[in-house]
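> Hey, can you piece these two chains together into the complex? The hints should help.
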Amino acid sequence: MTNSVLPKGVSKEAFDKAIGEYKEALGNENVLVAPEKIAPYSKIMIPAENSQHQPSGALLARSVKDVQEVLGICNKYRIPVWPISTGRNFGYGTAAPATPGQMVLDMRGMNKIIEIDPVLCTALVEPGVTYKELVDYINERNLDVWASFPSSGGLAGPVGNTLDRGVGYNRAGEHFSNFCGLEVVLANGEVVRTGMGSIGKGETWQSYRWGYGPWVDGLFSQSNLGVVTKMGLWLMKKPPHYESFGVGWNDVESMAKGVEMASRMRLSAVMENGVVGSALYGVISTKKRSDIYDGPGAIPDAVLAKYYKDHGIPQFALFSTLYGTKEQVAVNLKICREAFESTGGFVFTGEAFNASPDARHWQRMMTGRPELHEFGNYNFIGGGGSAWFAPALPARAYDVVRCYNATKEIFNKHGFNCPIGFLLGVRHLEQVADLLFDRTNPEETQRAHACFKEALEANAKLGYGCYRTNIAFMDLAAKTYSKELRNLNKRLKRSLDPNGIIAPGKSGIYI
Amino acid sequence: MTSFHLSRREFLSRSTALGATIALNPLSGLLNQAEAMLLPRSISSLQILRLGEAHAEFDNGIRLAASAATKIRELRFNRLDQLESHVGKHPGSVIIGIMNDGAFTDFNEGLRLRKADLLCSGSHVGGKDFTRHYFQSTAASQGIGSAFAQVISQRAESSLIRESSFHEVLPTSGENMRALPSFTSWEQGLGYQLSQIGSGNWRPRTVRTSTLLGPDAHSTSTTTHFSFVSFVARI
Ligand SMILES: Cc1cc2nc3c(=O)[nH]c(=O)nc-3n(C[C@H](O)[C@H](O)[C@H](O)COP(=O)(O)OP(=O)(O)OC[C@H]3O[C@@H](n4cnc5c(N)ncnc54)[C@H](O)[C@@H]3O)c2cc1C
Chain B
1 MTNSVLPKGV
11 SKEAFDKAIG
21 EYKEALGNEN
31 VLVAPEKIAP
41 YSKIMIPAEN
51 SQHQPSGALL
61 ARSVKDVQEV
71 LGICNKYRIP
81 VWPISTGRNF
91 GYGTAAPATP
101 GQMVLDMRGM
111 NKIIEIDPVL
121 CTALVEPGVT
131 YKELVDYINE
141 RNLDVWASFP
151 SSGGLAGPVG
161 NTLDRGVGYN
171 RAGEHFSNFC
181 GLEVVLANGE
191 VVRTGMGSIG
201 KGETWQSYRW
211 GYGPWVDGLF
221 SQSNLGVVTK
231 MGLWLMKKPP
241 HYESFGVGWN
251 DVESMAKGVE
261 MASRMRLSAV
271 MENGVVGSAL
281 YGVISTKKRS
291 DIYDGPGAIP
301 DAVLAKYYKD
311 HGIPQFALFS
321 TLYGTKEQVA
331 VNLKICREAF
341 ESTGGFVFTG
351 EAFNASPDAR
361 HWQRMMTGRP
371 ELHEFGNYNF
381 IGGGGSAWFA
391 PALPARAYDV
401 VRCYNATKEI
411 FNKHGFNCPI
421 GFLLGVRHLE
431 QVADLLFDRT
441 NPEETQRAHA
451 CFKEALEANA
461 KLGYGCYRTN
471 IAFMDLAAKT
481 YSKELRNLNK
491 RLKRSLDPNG
501 IIAPGKSGIY
511 I
Chain C
1 MTSFHLSRRE
11 FLSRSTALGA
21 TIALNPLSGL
31 LNQAEAMLLP
41 RSISSLQILR
51 LGEAHAEFDN
61 GIRLAASAAT
71 KIRELRFNRL
81 DQLESHVGKH
91 PGSVIIGIMN
101 DGAFTDFNEG
111 LRLRKADLLC
121 SGSHVGGKDF
131 TRHYFQSTAA
141 SQGIGSAFAQ
151 VISQRAESSL
161 IRESSFHEVL
171 PTSGENMRAL
181 PSFTSWEQGL
191 GYQLSQIGSG
201 NWRPRTVRTS
211 TLLGPDAHST
221 STTTHFSFVS
231 FVARI
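Protein chains in written order, with the working numbering: chain B, 1 to 511; chain C, 1 to 235.
So that you can see chain C by itself, here it is in the shape it has in the complex (with noise of 0.2 angstroms):
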């Protein structure tokens, strides 16, 4: 596992001398074939669940990278106490959620009386000119730092991204860098990936424990004016 502190253009080059593919141009919302191939293949409904606010970009991401077979359902709750029992009610499924900080506390705790696989989460938080990103990935979702570092580094955004797993380390080509749509946010990058790990499409990276990109993300602290959790789920 590797720490990296960079500049936006480093972490550029650096990715580059790995060998990567870079394709940062706008590709309006189209892939390259090889990432094209990875599209999602075994999933069949997944469900996006959200707390309050609607979060359409993230929306918008998950929706980018699902085929057109995969259903989505929209699930929308008002009530902390509503999450933990629908946890239960939908076995068999992948769940993408996106929700603030006091109400994962509690959906985490319906995942883990459930049994349920937690694939990946993420929690985020943002000031004026800031964002942070900590992960906690597992094999179905290693290396999602990196790749979502790829995604920020889209955007002119200083950025601090951390990632622990839980699981042994997967070898992996060293390659990081793949094609990707240009994202209008990064919450839509942020959704795209967590549809690809939700599909089971993800092919794990290089795990970097901590990538910063431009100046101050990790020494501005609590200005923040958003923060949630992201996560991937199976029940």
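If we strip away everything but chain B, and leave its shape as in the complex, we get (with noise of 0.2 angstroms):
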């Protein structure tokens, strides 16, 4: 029994033969194309039918060598490959491809740590290393480094991550920014090692991030342009002393402020790191809609406030973790506390603090602490579906009010709610809403389709771009940005992969 979906352009026999290579290749036990083996790779959660993203099969490579091999037989047959590292893309797409009828080349089987230097906090991983293995293996050691995360926790990897341009918490939490040379399987065979990974030993590798002449890494990020299959990364030194504070507002223009102000407490080091979540975000964590309100559509902002207020809840809070010894702690938080104080901003620390299980778990997520916590949202609405809607925005108040409320409104016309958290960057953020949705509703699921495009619209008429958007959602997404920028993508793609093996349609690409 085969999969229904076979690669497009590709027949039956040829498929079959293709199927025998890999199988020589990577052993028998490594090519699934069974269909009750591919169910696990096609669980998907967006407002997205699952044939539009089915793969044909799946691929588990074990080393570079493999890799190659695959990227050989799919030259030779045209078979185009969706390579992941741990596949964890929940919200964006799971480990499922962009369109239907490609091999999903799963590394998690590669999840070597190579190396960790604790003197200068670098790490050099293989893709299918997760957070979980990579924490593991800093507290087997008693290192002095903390991972950046995620939240969705110990699950997902830092290549996959860091390559999709994610977001952790502590000091190294822009993942991009954090990350010192790669390694790359091109579309040819070719195996490059990028920065100073090029020359010889290459000692400065995770430690020298530009090497010589153009920098190229970033052509491999949210791109389909080759298969990276090692990758550095910068950890954070554990500090002697940390403590986290929390700030409360209950309206939009004064958080709004105290994002602003965020961004201030960063540009001048009193901050490192930084999230704010709506009120609702906390909640669908650990509650279900339900509990709170029965009727149709989007929960009233009345009803909400109401829950907020008997539970004494802040309409909008920001968390966040200062580190350094217990004198530059203590000096930083007083400067916080004044500086958020004057946006009309409640802060709260110690007992008050620790009170709350959204601040607790965001202080494990700056802390090198990862956990499933957020998985919680998935029990709120039930069904099953869940689309992350991931603008960037500039650190103004202006801008966050302006984007948040044109979201908001879009997702309350179409019905849902709009838990929003922002991932406060040092000039931008990322305002990230869970559309959450039920999946066995078709009418909801259209819906909410519905809804994530008119937000994407909407917020690229404003002039925020989504900074990453989910699998069924990239053409639209690419649409959003310049013909020119779409034809350098194109160009690059066509020198590098003339024949479009590798993830086709990944941020809307193809030959």
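Some clues are possibly wrong.
Here are the simulated lysine-lysine pairs, BS3-like style, with alpha carbons at most 25 angstroms apart [to be verified]:
hint, chain 1, residue 1, chain 2, residue 2
1, C, Lys-115, B, Lys-23
2, B, Lys-17, B, Lys-112
3, B, Lys-17, C, Lys-115
Beyond 10 angstroms from chain C on every Cβ pair, some chain B residues (computed) [unchecked claim]:
hint, residue
4, Lys-23
5, Asn-75
6, Arg-78
7, Glu-115
8, Glu-243
9, Leu-267
10, Ser-495
Derived by calculation from the structure, the hints in this document are not laboratory data. Using N, Cα and C, we set each Cβ at its ideal position, and we do this for glycine too.
See the structure below:
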């Protein structure tokens, strides 16, 4: 019994031949085509039909040589492959490809932590390493470093997350600014090490990012120009002391001022991290919608406001952790307290901080302890639907209010609530809204699709592009960027992967 | 593949017209002989896996379909992070599970990691007056949607049942309705059907992409009171 989806333009005979060759290269057990084996690769949460993203099979690579051989066979038969590292891109498409009929190239089996240098706080890892493996490795050896990870916790991994320009929460939380050096297999099978990795032993591969000549590493992120097989990471030095604090606000305007203030605090190196959540963002991970409201559509603001009031939850809250010596932390905390109080926020620390499950969750995210707390999001509505809507915006109060209001209005209009997290950078933030919906309901799924589309287009019109999007909206998101940029991407694609075998459709890029 | 939007009565009469034997009268747990022939033979050990709450009705359904010789191990977890590692510890066994959506997201990754077979999964939600069920089937569970519609049609509930398949759909004789015991709840009926899939005694049925029984099951949105995922996996 074979899967019902063949790669586009590939006959059944050619596909069967290719499968034979994959098996020879990888071993029978590492080539999966039976539908029941591929089913776990096909689980998506986004508002799209499964058939639009159904893979033809999965290839489990265990070495760089495996990857090279796979790409050779793919070129021979023109079979597309969708590389995943750990494949836990939940809410963005999980492990499934952008278009149907691709072979998922699963590198979870390549999971060596090649080295960690605790002095320079660097690591070199393979794509299949999970954050849990990385954190366990660090803890078992009692190393003086912390990994930064997303709030999907230990399940996901640094290579996939960083390549998709994901976000974490400690000092090294902007992951794409905290990797150093790649090893990439190009579509023609050539293995390239970037930066200082391409000079002999490459002693500075993980410590100096820029190498010599053009810096090409960016070409391999959110793209389909190569398969990354090693990545250098910059870890955070464990601080001698840390202290977390929260700030609560009860209206959007004050919160937005707070976000701008957080940027100022970061620009002056007082704060090094921060996340702001709407109250609903915290509520969805521990409660069910029916605990709050029983009517159809979005839960009305008045109902939510009453719920927050009854439970003593501020409408918006910022969480941050200050690192340093005791003295440094005390001084910085004092500065932050005064700064955020001036925005109309109330600052909470110590017992008040620890009393909030949300606050404790964010503290763990900021201090090297991954957890699965946020998976509770999927029980809020039920039915398995979730898509992250994530425009990037400047860290100015004006933009925060504008983008938040526009997004919330569109979500509400389509009958959805808008739980939002603002992931604070230095000069920008990612406004990440979890569009939760019920996939058992086809009408609601269509509505979620329409909602996502409208939010994406409306935000682009306001000047806020998505920093990353799910596999169903990659083409549309690409179209919100200029034709010239898209043409450049296409030219790069054609020159590096003339047969278009690597991840067609990733970020809307095809040959 | 076909899509049906039917009243309960229409569903039953169409199924009869297809030549099915309908045995929806209470059978007090007894099966007719033809069905009894299909009872589990090959499987010697079945694991029922749960995270958190018990689902006694679901478990009863599994037991109802499993032969006396089948050893059933119940496993109950309270922590999400215990699940993934569990999958690796019992190679060669069949797991029938039920868990909330958040936990299944994680558990599915465990299945992928172990190259397990996911024979069937279903997403189930329900509100005051309706339930919705969305199955993803494979050859080993083809037609679970129409079979489950038969279970649901025993009861006066509004339901939307959908199925999408991962495989080339197998031809069937057109026969969809089988003799079934009368179930005390649809959860019991679900356990029963999944138990048959898990024991390899499933005969493929017509895939109906959508069956609507009664009014409103599809239009009532976001007022669900429960939601969970059921599945059969072979590891
Ligand atoms: C509750 C919850 C909270 C979340 N919170 C966050 C968060 O805080 N921050 C965040 O960033 N995300 C978050 N996510 C989204 C997601 O889970 C993470 O981004 C996760 O790290 C992505 O999955 P992964 O690491 O397994 O990457 P993968 O799925 O392996 O990779 C992501 C994509 O990168 C490309 N890619 C991967 N590997 C390669 C390779 N070797 N070569 C070439 N291309 C490749 C592919 O296109 C792939 O689809 C969250 C999800 C959930 C469910």
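> I'd like to know which numbered hints this structure contradicts. Please list them from smallest to largest.
2
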